[in-house]
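Protein chains in written order, with our numbering: chain A, 976 to 1310; chain B, 976 to 1310; chain C, 976 to 1310; chain D, 976 to 1310; chain E, 976 to 1310; chain F, 976 to 1310.
Among the clues, some could well be false.
[To be verified] Taking lysine-lysine and the DSS-like style, the derived pairs with C-alpha atoms no more than 30 angstroms apart in a straight line are:
(1) F:K1001 to E:K1060
(2) C:K1067 to D:K1001
(3) A:K1172 to B:K1034
(4) C:K1172 to D:K1060
[What the hints assert, rightly or not] Short derived list, chain E residues pointing at chain B, Cβ under 10 angstroms:
(5) Y1119
(6) F1121
(7) P1123
(8) Q1127
(9) S1303
(10) D1305
(11) S1306
What the hints contain is simulated information worked out from the structure, not anything from laboratory work. As the structure is a prediction and not an experimental result, all values here were calculated from the model. For each residue, glycine too, the CB sits at the ideal point set by N, CA and C.
This is what each chain is made of:
6 protein chains.
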Amino acid sequence: MMNANRPVTLFTGQWVDLPLESLAQKVQTWGYDGLELACDGDHFDVDRALSDKEYLLAKRALLDKYQLQCHAINISLVGQCVADKLIDARHKRVIPARVWGDGDPEGVRQRAAQEVMNAARAAAEFGIDRVIGFTGSPIWHMLYSFPPNDWQEIEAGYREVVDRWNPILDVFDEVGVRFCLEVHPTEIAYDIYTTQKTLECFNHRPAFGINFDPSHLIHQFVDPTIFIEMFADRIYHVHIKESIRRLDGRSSILGSHLNFGDPRRGWDFITAGYGGVNWSEIFRVLNRVGYDGPLSVEWEDNGMEREYGAREALALARRFNFPAGTRSFDSAFGK
Amino acid sequence: MMNANRPVTLFTGQWVDLPLESLAQKVQTWGYDGLELACDGDHFDVDRALSDKEYLLAKRALLDKYQLQCHAINISLVGQCVADKLIDARHKRVIPARVWGDGDPEGVRQRAAQEVMNAARAAAEFGIDRVIGFTGSPIWHMLYSFPPNDWQEIEAGYREVVDRWNPILDVFDEVGVRFCLEVHPTEIAYDIYTTQKTLECFNHRPAFGINFDPSHLIHQFVDPTIFIEMFADRIYHVHIKESIRRLDGRSSILGSHLNFGDPRRGWDFITAGYGGVNWSEIFRVLNRVGYDGPLSVEWEDNGMEREYGAREALALARRFNFPAGTRSFDSAFGK
Amino acid sequence: MMNANRPVTLFTGQWVDLPLESLAQKVQTWGYDGLELACDGDHFDVDRALSDKEYLLAKRALLDKYQLQCHAINISLVGQCVADKLIDARHKRVIPARVWGDGDPEGVRQRAAQEVMNAARAAAEFGIDRVIGFTGSPIWHMLYSFPPNDWQEIEAGYREVVDRWNPILDVFDEVGVRFCLEVHPTEIAYDIYTTQKTLECFNHRPAFGINFDPSHLIHQFVDPTIFIEMFADRIYHVHIKESIRRLDGRSSILGSHLNFGDPRRGWDFITAGYGGVNWSEIFRVLNRVGYDGPLSVEWEDNGMEREYGAREALALARRFNFPAGTRSFDSAFGK
Amino acid sequence: MMNANRPVTLFTGQWVDLPLESLAQKVQTWGYDGLELACDGDHFDVDRALSDKEYLLAKRALLDKYQLQCHAINISLVGQCVADKLIDARHKRVIPARVWGDGDPEGVRQRAAQEVMNAARAAAEFGIDRVIGFTGSPIWHMLYSFPPNDWQEIEAGYREVVDRWNPILDVFDEVGVRFCLEVHPTEIAYDIYTTQKTLECFNHRPAFGINFDPSHLIHQFVDPTIFIEMFADRIYHVHIKESIRRLDGRSSILGSHLNFGDPRRGWDFITAGYGGVNWSEIFRVLNRVGYDGPLSVEWEDNGMEREYGAREALALARRFNFPAGTRSFDSAFGK
Amino acid sequence: MMNANRPVTLFTGQWVDLPLESLAQKVQTWGYDGLELACDGDHFDVDRALSDKEYLLAKRALLDKYQLQCHAINISLVGQCVADKLIDARHKRVIPARVWGDGDPEGVRQRAAQEVMNAARAAAEFGIDRVIGFTGSPIWHMLYSFPPNDWQEIEAGYREVVDRWNPILDVFDEVGVRFCLEVHPTEIAYDIYTTQKTLECFNHRPAFGINFDPSHLIHQFVDPTIFIEMFADRIYHVHIKESIRRLDGRSSILGSHLNFGDPRRGWDFITAGYGGVNWSEIFRVLNRVGYDGPLSVEWEDNGMEREYGAREALALARRFNFPAGTRSFDSAFGK
Amino acid sequence: MMNANRPVTLFTGQWVDLPLESLAQKVQTWGYDGLELACDGDHFDVDRALSDKEYLLAKRALLDKYQLQCHAINISLVGQCVADKLIDARHKRVIPARVWGDGDPEGVRQRAAQEVMNAARAAAEFGIDRVIGFTGSPIWHMLYSFPPNDWQEIEAGYREVVDRWNPILDVFDEVGVRFCLEVHPTEIAYDIYTTQKTLECFNHRPAFGINFDPSHLIHQFVDPTIFIEMFADRIYHVHIKESIRRLDGRSSILGSHLNFGDPRRGWDFITAGYGGVNWSEIFRVLNRVGYDGPLSVEWEDNGMEREYGAREALALARRFNFPAGTRSFDSAFGK
């Protein structure tokens, strides 16, 4: 035996400029086991999935043709709109026109909520049980308490997220699908303490889980292995991606309002294996807590050619995907 | 000779619950040389300074009574309102009622701008040439580029700050006073690259300078000595304060929406001398660039009694306030 | 106000070669507030304290003469015998002859248990409510699992300690005194996880508390501030002492069977303030959890003259014994 | 030419639950050059080797069938009993019943000594010249000097080991075999200074050498390359294994009486290549001192599946087994 | 697509004991794309290249036979003589006899200058446009300012180098070839600030560029990526080589007058990939600045067999030679 | 008792612009115990000391007037000339004209040798037994082996130093004075391995000892405590001075041919106590090896005012000059 059983998939969000079939062809050649489909481009259309009987059959046929599995769809960009306070052109650029509508913030939030419910229904229809997404946050802009926060507003922010998402999660429960929040700055949960508080606010309802992605923790100096241990029973999906800190006294960990890829930034996203993250330790903890879901590669690295990066990350995922020990090393003594 | 000539003052912003005279009494006992007066409480009232002939004479008499100098007044909280995008209850709590008015954001911005102009006039009247303050920022909420920023908006943010502040700085120039931005998260400039860009946007006009405060750089991993070297000619005022990083894998450098003083935060403010900052290096660079203005202690440390902290920081400022060498150590060989 | 209220005492265990009066004289001169009396030499005799009415009166009179307080007595060496598996010449050298008796291990354990009970009674008689001590351990020799431990024996070891100590603690409860285990290698609890387990095994009975001494944690790489936070409600007494790591690739953290003071050891005890421990952080946590008991200096530093060390450690304890903040630094804004 | 000549073997101690032939089959497939046979299970039976003419011939035939070499046998568990002070159930579980006998400690020690002598004879008979083993220690329980050690007892402990082992080593000399102590906690030598002292106590007799295993040095902060340089002429065998330190302020380097594999331990064993050890430096020193014996992989990693680990360690041993340079890089200039 | 286009060559300077054809044969087998020819041995003879029509044709034919490219020749050892202050037996050993002549220092300098001019001419004739070399330095011996330097002499040293090299560079310009200084201790430029100053002294004339080799920066604690960014437009050639620091409190970073390969040295040269250099970061910067020239492996590692090292370095160069990203990871959102 | 007995002196070499009496006056006020006199200015004139009977009497009277001791004179600058290969204007600037003479290198070396002999005679006459100095080095310029060193020349360099200095040391022996080399770059011994070799070359003759100065070791990454332990019996004098490393990726540990005080240098000299050196550890080792000679402060810090620096260094020397422990901390147990 060689490797643990977890399949390695590629998240298609950074590849929606390619028709799904072109991408599937490449991905099979590289050796991936499957795809995490973005609800974007021609990759996965929630609307058509629900309205057109043939759509999902054709989608499945395409995947089968290239022997690719699918364990999750990803609705991050729409999810972001559900609970954001500020809704503006940044959102408009990344969501479907029908969700944006006239752009009135509250209207966008309502339509986004409907779309996420539909994503759960479409996923169920497609025979999968995970939807990856963001939640948005009404309080992200109060990150740094100046002018001094009224701490009651922070509390209210958590409650608002719960109020907006609980009806959505009810639909998830109805159709037997789970929501996996990618813990991430700009979301209601972005580190250990905010995740802890968010889960409590939702009374730990099982429908609300986590897409673990260490790249968002590293630049915050949060230890990914502690994160996994603390939230083990809510980790339903895993992203294979890193970030790197480049702190030389000149750069800032906050990013300096510089775009990703700018060498003056204090941190940046980087292909898994290139930033110094201890993947051996991460996989040991995943083994220990019994995680057996997909390992989904997300390519976000402005300093490496996209296809090269996708292959490097796959190689890393294969190498560290070792099986947990099933016996103690000193158990054979004296046998 | 023992110490460099720079006076050590106390910034009164965290003491406005005390009448100025009570504070002055204490401060003299402790051994301070003077005060940096907050435009708050009964410490310094911009309105009365301009409308009531006697006001400034009485203020000066009080300072003289306790042999205290004054080199700067501080209008930070009002300055914040000049260019913030979101104006809400957080601002209302910290500015004078007449500036808040009905709270309509643009109205607040306009009145705040007038108030800062008046602060410059009052400072001139009082015989001093520095006003410390914040600028606010229309783009702070776009710190983390998700949903993805439109980078043109970032550019527009810088321009808006310039447009709002240039008329104010014209008043500063008229009355011969300089504005000292405390480089700080939530402001238009909060690290090296944003400071560099801000100064460029203002075409390096001399009226716009910096209040150097290392406590806002440390938690960003920015080296304070490089900051001083790069902006030496615009550092008009110095705050003596530190921050400390407490990164143990659980805490986040972003702060987790936890209040200052909460031990789960990844960083916190702390009395100068208690956080590991290399003040020897900072003072060497201040010496090298010829800074000879005030060293103003700001107490922000929720884990130490306020008066104890004020005395410890003073002791530190005295100890490190050593004179620059005036000769090379090997210049005497062979004489 | 300048300092927090905690008294600074000197533990007399390393000074029992001096008559108590000689020591008291010196200690008063140096500026200490009191003594933690060792049950050894003429410092504190448990037997006489219970049998001779005059003994405790005379002891108190002596302390009063030099204006010294007493908050605790220390029975460490006898306590060690209560639950050790191996009882041998090492024990004989450091306990009273009447406790050693014929040296039969189980007899020594029984007599040691009686002596500790008597120490509690004597403390109560003397008007104090803390006895500092060790517990011994039946499983210390199994520290390194080779030959492979039977992990049931480890469990049994914890239970044996509880069984031997519960009757002793009953006496403590009767007389209103608390036992303070110095968490320390060779004892049943020597780090965070063994302390956690020990407290659980005792069902967290209040009579069983901790003498916090960071010198035993540092060389194990345990963070003393986390220790305080986790066991805050059981920390009844504090020792001011450090240890230092000297790891140069040749030395071992285990100590190489070399005596203290040998420069080839990988770690050693050292006067507080000379080993790099962050006392500022330790005192902040003590402030946060509300510890207001004694700070007791223990001199163990074979590289510094004894009296010099006692004075240096006192100076450190005074310096860091600052009061906690009573107000938030931004609470005065806008007053 | 590609690799240095050293063969890579697998130590079979953690595989004695498998019949030797099953293991041999696997090991050949993986690409190993040979086996270091444990004196345990059906792998190598010292008693039968000496009493049954056919036994060794059959053993050799089996190895030849799978083209596997054998350079050493390993008698660690029995060796441990020769000089341990405490002999108890831990020992009983891991040694042959005939050595345990009635379990009387001194009887066990005597029979263990005989068994080790026989192991030397059997090795010679089998045509090999190395026996790997432990020595046990009469003073391991005095690791931490409390109750304070009588340092004469430490000295006596070293002498006792010499007295018990010298007659054994005489047999080794007679049959031309060498003993290789695996320097390891719980043995008389466990770091640099105890190894130095042990070798001196044996007057550096050549029969007493070392099985170098860096996994026991790393968690003590001992630099393996210094170890090799200091004892180069006594390193007769090498184990390929690592340990990893996981010190997060909560865990202790002493291990907290927690079993291997427990994530709360401060250190643990781990497959070579997964713990951060600098194997390039170790191999350079092995090259420099001319070590040309076997590299024997020992699998002890409770977090990785056993067979996966055996293959990863083999790959590492091959990669770093590079030949020493035979010429200086600047020797060709000007030729 | 898989790799960036940069060819990987081997510098032949450490292989001149082999006839070029033997080396070419090996190098092709290993998978190199070409050779950087040393002006030494039978590898490249400047004199014959200019005097013998057939010489270069035969050289090219030999390279073609083994499908090897050539992008540069290397005249380092002769270049060193052009501006060194001390010319002695060290130089004699490594340069052609005709350049050494009678060994009178100024004569050697003049003849060396002529030879470098001829190297440029020969390169042009051979159809290539890079000559790698050293400059020598009249001030290297004043590295440590004791006896105290007259800093005017340092200035004069830079000027002397310019005066000696400008006429040589004129020839380079005539024939369309560029000189690539390997920034290196003992040369006029050996770190960032001396390179900056040297380039300024030459008025940044394009004929004078850099052969970037990180192995000379690492032991000086200079960050190679900053070096590349600062001098991006003058980096015409790249060496793949590392150095390693081995600082254990005993060794000195200056080298202790010990030869390379001596384990007591504080640093040493080492095969790329074995010393901890972050090649991922180096290649990202090379990508960013658009470097598309050769990657030339230089073997200098006295602890690894020469041919083994050449193959390991090639493997590293191939692995990290990834293409730069051509698109932003978030540019596909919403397409 | 408070402090160890070692006197604290000030080396006058950086103060020769002041008449000795002015300096003595200041130094007494600051609290020094004495002076280490430079053979320069009017501080100590070797020539007059030997030729003019009254000179030494007057010198002694002056010291007595200010109650200052003298334990050593310092002839560093002349000593440098005895064995340097390059003798040039740098030397001329720092030595007496009569030693320079016509500047012919060999003549300078001879006259310098005579002067050092005379310094020994003058010291004896003055009643002291230490002369501090440099040796110079014929091989310093070969620090970096390129062009490749002929390692026989390195050997020859050591021998030349011995040949030049042995006759000088004979005079030292005659008059009962010892030479104390300040181990320092540009001298024959500048780190641990070169010191070891130098002492061996001199056959460890007692007349040749060391002036220990950690400031020259720190920037080489040499651990000063190891240095003391290795050469304990040859350390005759100690300098209290530090250096600091400022390595930011741009600066080089070699110094970039930049003068002291230039912030771009990778290291610089700095007042004791301001650079992070662990003086507690240094004094513990000095105590352990029984060093009881002077502690001589040398001021070399271009970033701190000279008199301020002299006082800070004195305060540090007093604080750390603690007595060694005379008893083990556990020796009192059971008394």
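Please work out if K1067 of chain C and K1001 of chain D have their alpha carbons no farther apart than 30 angstroms. 57 angstroms, violated
Would the hint linking K1172 of chain C and K1060 of chain D be met if the CA-CA limit is 30 angstroms? Within the cut-off at roughly 28 angstroms; holds.
Regarding the hint that D1305 of chain E lies at the interface with chain B, is the smallest CB-CB distance below 10 angstroms? 5 angstroms, holds
Under the criterion of a CB-CB separation shorter than 10 angstroms, is S1303 of chain E in contact with chain B as hinted? Cβ of S1303 of chain E sits 9 angstroms from chain B, so the hint holds.
Per the CB criterion, is S1306 of chain E less than 10 angstroms away from chain B? 9 angstroms, holds
Need the status of pair K1001 of chain F, K1060 of chain E: alpha-carbon distance at most 30 angstroms? 45 angstroms, violated
K1172 of chain A and K1034 of chain B were given as a pair; does the straight-line alpha-carbon distance stay at or below 30 angstroms? Outside the cut-off at roughly 49 angstroms; violated.
The hint names Q1127 of chain E as touching chain B; please verify it with the least Cβ-Cβ distance against 10 angstroms. 15 angstroms, violated
Let's test the interface hint: is any C-beta of chain B closer than 10 angstroms to that of P1123 of chain E? Constraint on P1123 of chain E satisfied, holds at 5 angstroms.
Going by Cβ atoms only, is Y1119 of chain E closer than 10 angstroms to chain B? Because about 12 angstroms separates Y1119 of chain E from the closest Cβ in chain B, which is outside the 10 angstroms limit, the hint is violated.
Do the numbers back the hint for F1121 of chain E, that is, is its least Cβ distance to chain B under 10 angstroms? OK, holds: F1121 of chain E within 10 angstroms of chain B, min 8 angstroms.
Going through the hint list in order, the structure does not satisfy hints 1, 2, 3, 5 and 8.
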